[in-house]
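Could you put together the complete structure from these sequences and hints?
Going down the list, the protein sequences come from chains D, A and Y.
Each residue of the first sequence is one higher than the last, beginning at 354 in my numbering.
Each residue of the second sequence is one higher than the last, beginning at 354 in my numbering.
Each residue of the third sequence is one higher than the last, beginning at 354 in my numbering.
Honestly, the hints are just simulated from the structure, not real lab data.
Being a predicted model, the structure only gives us computed values, none of them experimental.
Be careful, since some hints might not be right.
It does not matter which identical chain is used: a pair holds within one copy or between any two.
What the hints assert, rightly or not - DSS-like cross-link-like pairs, simulated, lysine-lysine; straight-line CA separation at most 30 angstroms:
1. Lys594 x Lys582
2. Lys518 x Lys679
3. Lys473 x Lys647
4. Lys502 x Lys679
5. Lys582 x Lys518
6. Lys679 x Lys356
7. Lys647 x Lys356
8. Lys502 x Lys473
Next come the chains, spelled out residue by residue.
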Amino acid sequence: MPKTNPGRFFEDYRLGEQIEHAVPRTVSGGERALYHALYPARHALTSSDEFARACGLARSPLDDWAAFHVVFGKTVPDISLNAVANLGYAQGRWLAPVYPGDTLRAVSEVIGLKENSNGKSGIVWVRSRGLNQDERVVLDYVRWVMVRKGDPAVPAPDPVIPELKPALSVEDLVVPEGLDFSSYDFGLAGERHRWGDYEPGEIIDHTDGVTIEEAEHMIATRLWQNTAKVHFDATQREDGKRLIYGGHVISMARALSFNGLANAQLIAGLNGGAHANPCFAGDTIRAWSEVLEKGKTAAPGVGAIRLRLVATRGGAPGALRDGVGKYLPDVLLDLDYWAFFPI
Amino acid sequence: MPKTNPGRFFEDYRLGEQIEHAVPRTVSGGERALYHALYPARHALTSSDEFARACGLARSPLDDWAAFHVVFGKTVPDISLNAVANLGYAQGRWLAPVYPGDTLRAVSEVIGLKENSNGKSGIVWVRSRGLNQDERVVLDYVRWVMVRKGDPAVPAPDPVIPELKPALSVEDLVVPEGLDFSSYDFGLAGERHRWGDYEPGEIIDHTDGVTIEEAEHMIATRLWQNTAKVHFDATQREDGKRLIYGGHVISMARALSFNGLANAQLIAGLNGGAHANPCFAGDTIRAWSEVLEKGKTAAPGVGAIRLRLVATRGGAPGALRDGVGKYLPDVLLDLDYWAFFPI
Amino acid sequence: MPKTNPGRFFEDYRLGEQIEHAVPRTVSGGERALYHALYPARHALTSSDEFARACGLARSPLDDWAAFHVVFGKTVPDISLNAVANLGYAQGRWLAPVYPGDTLRAVSEVIGLKENSNGKSGIVWVRSRGLNQDERVVLDYVRWVMVRKGDPAVPAPDPVIPELKPALSVEDLVVPEGLDFSSYDFGLAGERHRWGDYEPGEIIDHTDGVTIEEAEHMIATRLWQNTAKVHFDATQREDGKRLIYGGHVISMARALSFNGLANAQLIAGLNGGAHANPCFAGDTIRAWSEVLEKGKTAAPGVGAIRLRLVATRGGAPGALRDGVGKYLPDVLLDLDYWAFFPI
Chain D
354 MPKTNPGRFF EDYRLGEQIE HAVPRTVSGG ERALYHALYP ARHALTSSDE
404 FARACGLARS PLDDWAAFHV VFGKTVPDIS LNAVANLGYA QGRWLAPVYP
454 GDTLRAVSEV IGLKENSNGK SGIVWVRSRG LNQDERVVLD YVRWVMVRKG
504 DPAVPAPDPV IPELKPALSV EDLVVPEGLD FSSYDFGLAG ERHRWGDYEP
554 GEIIDHTDGV TIEEAEHMIA TRLWQNTAKV HFDATQREDG KRLIYGGHVI
604 SMARALSFNG LANAQLIAGL NGGAHANPCF AGDTIRAWSE VLEKGKTAAP
654 GVGAIRLRLV ATRGGAPGAL RDGVGKYLPD VLLDLDYWAF FPI
Chain A
354 MPKTNPGRFF EDYRLGEQIE HAVPRTVSGG ERALYHALYP ARHALTSSDE
404 FARACGLARS PLDDWAAFHV VFGKTVPDIS LNAVANLGYA QGRWLAPVYP
454 GDTLRAVSEV IGLKENSNGK SGIVWVRSRG LNQDERVVLD YVRWVMVRKG
504 DPAVPAPDPV IPELKPALSV EDLVVPEGLD FSSYDFGLAG ERHRWGDYEP
554 GEIIDHTDGV TIEEAEHMIA TRLWQNTAKV HFDATQREDG KRLIYGGHVI
604 SMARALSFNG LANAQLIAGL NGGAHANPCF AGDTIRAWSE VLEKGKTAAP
654 GVGAIRLRLV ATRGGAPGAL RDGVGKYLPD VLLDLDYWAF FPI
Chain Y
354 MPKTNPGRFF EDYRLGEQIE HAVPRTVSGG ERALYHALYP ARHALTSSDE
404 FARACGLARS PLDDWAAFHV VFGKTVPDIS LNAVANLGYA QGRWLAPVYP
454 GDTLRAVSEV IGLKENSNGK SGIVWVRSRG LNQDERVVLD YVRWVMVRKG
504 DPAVPAPDPV IPELKPALSV EDLVVPEGLD FSSYDFGLAG ERHRWGDYEP
554 GEIIDHTDGV TIEEAEHMIA TRLWQNTAKV HFDATQREDG KRLIYGGHVI
604 SMARALSFNG LANAQLIAGL NGGAHANPCF AGDTIRAWSE VLEKGKTAAP
654 GVGAIRLRLV ATRGGAPGAL RDGVGKYLPD VLLDLDYWAF FPI
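So, in structure tokens, the structure goes:
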């Protein structure tokens with residue numbers, strides 16, 4: 354029996370199974386600094402302890418996507434090592450800020466299984482949760498992946514497809530305890546546009562671009578302890594390219610979106626997301642956003658805006674799909690999320 | 354009205370105007386470690402808490418240039434986003450050490466304006482200050498940039514050119530509270546040359562070289578939240594090159610200068626500086642210094658030396674300008690600064 | 354007299370001489386995060402404060418190899434700046450964990466000298482120790498290097514070759530105070546194989562590969578304040594390549610070995626090591642291990658396993674030398690070490 358982890362195949366998952374993912378991780382100011390070094394992140398709440406305190410938090414939390422990547426990375430060896438494709442996300446919620454000093458671990462529950470008609474692979478739905486050292490759930494999301502079968506002879510399980518919301522509603526979102534935007538400093542935050550200045554249908558071109566290097570995306574992906582071979586090993590593909598972790602594109606696009614969405618201080622919900630095309634070193638990533646929906650929360654001065662965040666390596670802001678509904682070849686990411694804004 | 358920041362044009366500046374720059378930043382051991390990873394920095398005072406305590410400080414401060422870059426980075430969106438050229442620095446003073454845990458913000462005052470005779474651009478002089486969470490000024494410097502006019506029809510302002518010292522005198526420098534070099538450990542610091550061993554006119558070849566990669570300068574420049582497009586976006590120039598942030602060259606040259614100036618423990622003043630030629634990935638940076646002037650401070654065992662630090666990508670130590678006074682093509686940086694040494 | 358450090362030549366070493374190396378270094382969560390960003394490190398004890406506490410430690414220590422690199426880096430300017438070759442390691446022992454906040458310095462004693470028959474160089478054996486801020490030795494190892502003579506006319510010293518153990522025995526190893534694996538969580542650690550599951554002679558293929566970039570190995574090597582020119586300066590070699598610091602390959606191989614040796618939580622001893630062939634950017638590093646020997650310690654639940662760790666850029670697991678005993682050209686590292694495992 355080999356000592357190394359071959360990963361799980363489709364037939365290895367059981368409906369309702371709880372998977373405790375390995376290698377808990379303590380984060381510090383180091384992860385925080387690296388996040389700012391790898392992405393042009395400038396949102397004030399995750400940049401300054403003083404700004405965060407003025408908004409009612411204990412201090413500046415780790416970027417919400419950094420928390421996501423740490424949790425996601427832990428799930429990779431059990432969920433997606435043999436995945437053919439990362440198909441989607443739904444019902445993601447950030448439930449508590451993650452601070453330097455916190456230790457995160459991850460657990461997943463198998464909530465859906467459906468073998469493909471070819472009998473060679475199947476779709477696995479998991480609900481993954483990140484927990485901190487106090488066993489508090491800080492993040493909760495559903496993702497589904499296509500996984501190869503190890504033994505095609507194993508019979509297909511009864512198909513169970515979980516019912517998933519196309520999008521969370523404002524009521525589903527959880528505002529961090531104490532968050533208060535009533536004396537929000539727009540000057541220090543970098544832009545004067547408040548919740549009321551954004552309208553559904555509005556398209557925002559974030560204008561800046563970043564050309565990606567191999568060293569950068571590998572440093573980032575290792576930082577999240579994501580071990581998928583394709584990100585690191587140039588011998589895995591015929592063309593010698595390393596596939597960039599989709600989460601790297603998410604964080605890059607989110608950071609670029611500062612220019613136009615500087616007051617989108619916290620990520621609250623993940624409604625869905627597609628890694629529309631693979632991203633490689635040398636690509637220059639740009640981003641645009643579309644305002645989808647708005648709502649108010651019960652917290653003082655805290656509004657929520659639902660946004661589509663699109664990362665591209667070219668093309669005009671707003672251009673997403675071709676005539677038959679297929680993503681344009683330069684579209685890398687199509688993300689649907691909720692963020693908290695000062696009203 | 355677009356939501357993104359178009360930057361300011363020449364006609365947008367008013368004499369005496371105070372600009373509060375956005376996005377305060379809390380630094381930690383993470384920024385400290387990254388500084389050591391990006392530059393071959395080895396000065397003992399910014400490397401070891403124990404060494405710093407033995408010199409009278411609370412603990413090891415962040416490198417003085419790291420503090421400069423954080424403050425400088427905050428000024429970019431308001432001062433140099435539409436700058437055609439970064440023309441000079443003067444009267445820079447480090448007024449208090451920056452420690453992990455400190456939160457920095459920046460403010461600038463417009464102290465000079467002069468439209469160019471072509472009517473298409475002008476020169477803006479600003480005095481920028483970095484403040485910590487206690488509202489204490491930690492850094493203060495003047496810089497001037499050439500900025501494009503957005504609308505050439507706007508009439509020129511009355512020209513005001515601030516009077517700037519060609520160099521600070523020793524009396525202008527501020528020694529960090531408590532600094533005491535009277536029991537300085539030259540062995541741990543790495544070199545035995547003290548203040549008395551340097552003489553004006555002396556040229557020091559720092560001998561080492563570092564070949565720069567795209568990933569490194571982008572990681573550094575993002576770390577300082579400097580957002581100028583030309584550093585990150587390979588599509589901004591015909592040749593696909595990314596222009597390296599001048600501050601990256603400063604820090605690289607300063608770190609290389611350890612070899613010969615290991616006891617130049619703290620940067621005290623910035624008299625002037627020119628980014629003589631653009632620097633690109635692939636360049637191998639070397640450095641040499643010239644001793645310009647010396648003085649003593651009132652602090653125990655603390656002397657000051659004024660140095661010229663030159664970064665090159667080739668050429669002999671001491672070679673700076675051609676016959677008509679133009680910088681040689683391999684000279685990247687000509688910096689005039691004061692440092693504190695043990696006497 | 355030049356102000357820069359020319360390094361020591363063979364004739365500059367005296368038997369019994371104590372060398373106090375320069376530039377103490379305080380490590381923080383920043384160094385910890387960078388280690389995880391540069392290597393695919395996932396061992397739970399150096400990843401999670403909670404996991405470390407459950408094993409009886411105060412919190413999660415810095416990776417043992419990071420501690421080694423910091424100490425090693427300090428010795429470079431005095432020991433290997435003019436070294437022609439790094440010949441070997443022996444009797445290395447990690448004596449106490451290094452935690453964020455600790456300050457390390459290094460001292461070496463010259464324990465052997467032997468001039469080569471060509472009269473142009475000689476071999477220097479040193480015993481180097483790393484000490485923390487409490488003057489506690491945290492690491493102790495012997496290494497020997499071939500060093501050029503500065504002046505061939507200086508007569509050869511009496512040859513003294515230290516007696517070195519081919520390998521430490523289990524009794525030589527020092528278990529960190531308080532370490533207790535009796536309630537070890539194999540699920541959180543990532544693999545279920547315990548001490549009893551490994552048998553001498555067993556070969557483990559760690560399966561993963563990482564393609565190395567210039568930016569990464571330079572960032573790592575600078576982080577350890579290792580200043581050897583060949584790692585940074587592309588003009589040092591005819592082919593423009595930068596030689597990768599051997600310690601970078603050690604850490605990469607150790608991190609890759611998680612896959613099959615996830616429970617090798619602490620490095621206890623370094624019996625020997627050879628950098629079999631030079632490593633350059635573009636190489637894809639893989640690793641395999643051979644179980645050499647086993648023993649138990651007095652600490653609760655703590656066993657020791659002696660392992661050979663081999664890093665390669667190709668070739669089959671187990672393939673090490675050719676017919677005449679020479680390392681195969683794709684072998685980069687052959688390391689012999691002891692690690693602590695849960696029994």
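Here is what the structure says about each hint:
1. Lys594 x Lys582: both (12 angstroms within a copy, 26 angstroms between copies)
2. Lys518 x Lys679: Classified as within: same-chain Cα gap 22 angstroms, cross-chain 63 angstroms, threshold 30 angstroms.
3. Lys473 x Lys647: neither (43 angstroms within a copy, 43 angstroms between copies)
4. Lys502 x Lys679: within (28 angstroms within a copy, 43 angstroms between copies)
5. Lys582 x Lys518: neither (32 angstroms within a copy, 39 angstroms between copies)
6. Lys679 x Lys356: Answer is between: at 29 angstroms across copies they meet the 30 angstroms cutoff, but 43 angstroms inside does not.
7. Lys647 x Lys356: Between copies only: 17 angstroms across, 51 angstroms inside.
8. Lys502 x Lys473: within (5 angstroms within a copy, 63 angstroms between copies)
Figure legend: structure checked against the earlier numbered hints; hints not met, in rising order: 3, 5.
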